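J.: Residue numbers (this note's numbering), protein chains in the order written: chain V, 2 to 337; chain C, 2 to 337.
Think of the hints as simulated: they come from the structure by calculation, not from any bench. Source: prediction; values computed, not measured. The reader is advised that the hints may include incorrect statements.
Any copy will do: because identical chains look the same in the list, a pair fits if it lies in one copy or spans two.
[Claimed, not checked] The list that follows gives simulated cross-link-like pairs (lysine-lysine, DSBU-like), each with its CA atoms no further than 35 Å apart: (1) K308 x K26; (2) K26 x K309; (3) K308 x K4; (4) K59 x K308; (5) K59 x K309.
There are 2 protein chains.
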Amino acid sequence: MVKITDVARRAGVSPSTVSYALSGKRPISEETRRRVEAAIRELGYRPHAGARALASSKSNVLALVIPLRAGIHVPVAMQFAVSVVTAARRYDHDVLLLTQEEGEDGLRRVADTALVDALLVMDVQLHDPRLPLLRSLDRPSVLIGFPAEPDGLTCIDLDFKAAGEACVEHLVRLGHRVVALVGSPPEVYVRRTAFAQRLVQGFTAAADRHRLASAVHPCETGADAARRIAEHLLREQPALTGVVVHNEPLLEPLIDAFEELGLRVPGDLSVIALCPDEVAAALRVPVTSVALPSAEVGARAVELLMKKLDGATVPDATLLAPRLTERASTARRAVV
Amino acid sequence: MVKITDVARRAGVSPSTVSYALSGKRPISEETRRRVEAAIRELGYRPHAGARALASSKSNVLALVIPLRAGIHVPVAMQFAVSVVTAARRYDHDVLLLTQEEGEDGLRRVADTALVDALLVMDVQLHDPRLPLLRSLDRPSVLIGFPAEPDGLTCIDLDFKAAGEACVEHLVRLGHRVVALVGSPPEVYVRRTAFAQRLVQGFTAAADRHRLASAVHPCETGADAARRIAEHLLREQPALTGVVVHNEPLLEPLIDAFEELGLRVPGDLSVIALCPDEVAAALRVPVTSVALPSAEVGARAVELLMKKLDGATVPDATLLAPRLTERASTARRAVV
DNA sequence: GTGAAAGCGCTAACAT
DNA sequence: ATGTTAGCGCTTTCAC
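Please work from the sequences and hints to get the whole structure.
T.: And the structure:
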């Protein structure tokens, strides 16, 4: 293995000069830098990560805790993970993957052994058991999602409340007066993840503000559930013309169900989804949607973490503004 | 930070004794072991990962390279990643996540800096540019999938050839004589990933062996493509009664398309899929399938890697036997 | 069965 | 602008 002393010898300088040439932490003359770089190249030198971590107490590794629970939409999680890795590499950091299986122990382990410098935790629950630990750790962390008591923690997520409002307001602009929200499976709400509830809040608040008739229904996934909820909605709100769907796999079957019940989308019924843009765009009827910006959340989360590692102060809460994209599933309400 | 000398002092022993008590690399008296363990517990001692890596030249971290390319089925990749992490933890290893974005540089970086002890590479291409590098690296690796020239490399995957044969033989047992394989989008074949082609080989070989009429068609994803391919198949092979589908997102629309064309599944047409069991079971018509055992592949890949790290010799090729599960989409051929 | 001590390869004072 | 050197915290010979 070629080490820093080898490089130093070859370049005719001291090891510290090589180190400083690499880190840029002190000025190096043009001539020296050239010689060092040449030596590094010629010898194929790579600093030993463990030695670095030991001497500098920085591992340049972030922990990413990904969920495996049911109800989590997998491609979203994956896209998020990829964006985290990509963003971390821009800051010369690597990413250690942890599953939720190990729970708090895993977080404590990687933090206490100094395997990682900082932690990124996805899929935070309203009353997440890991919160006290994260608060007590000597390493910075960023949470994806908002718990009930985010004090002392840095959290980031799509602004689901604003997203709910944006959906309603889009429907209002199109003249709709009777709307419904078809949500995620009941367990998502029972588990009390904040984001689903915040969407409901935004939806309801905006509907009330605009004096719309509105209803909210959690819903299971699958063609049968789609059919049932469609029939139920039309019975309950015969004048229904606007539907917001926060349940990605239900989207296609639900639109099918409505059409089988004789309602054209968007002719008779406008549909807005909360889902990744790719999904919305790829459906048979491209669906107007508020994007779930996993990639953006991942990149921003890493930025926050890097700032914290630099000792900077960052906002406790970062809410990403919703972005609504019009597609073929929404239209002005037909005048009867 | 509490270190090994703190533990040693508290237990009244030397640091090396603590180290050996932890590693079990030399016998420790019952009494001493007790005292050391107590001291560790009382002080909350955690060995510093970097220091360990430096002294032992083992980081206890594996690199996992995941793909992000189109055509890769994301949930499969994710499930695989999770099973790798879980398996690695059983061997007291952690997992560093790399994307393919960095390509060969990323592999070289984590290997040369001794950040990882070994590498796991997913989604290997027939002529993968990373192969020479992997062969030259001083660290062991395991590939998921088979390249054209696997010499000197350790590879593991589902036995796609046997899977193709198993599908055909199941159809034969049910009396079918005219069969077709609806494959993945053309780019999967163009990219020349081995697995898709091996499935075709097995399918064709078994069909020929049993003197079946058979056809193979790559196919895009989506309802339109499903409709087109269904019509095409029935025109080309009017007597068709058995279809193997290796294209997960196409599965549901394809069955719909057949039924809209007046063919009942499984009454008129038997369908077998290559996809994860959960997917096959969750469809409207639960589909007979050969499982894509991502979790098993992940766990086995880690086991292979651990054996190699131990200096053991492992087989160059590990082919997991296909497992076919009968569900509601296959039936004995109707006698006309 | 246990201890002493020499590194592992790097960083960051402290010098000059 | 560069060199010297003392650690960082652990593992592992070597010695008893």
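J.: Please name the hints from earlier in the document that this structure breaks, with their numbers sorted from lowest to highest.
T.: No numbers; nothing is violated.
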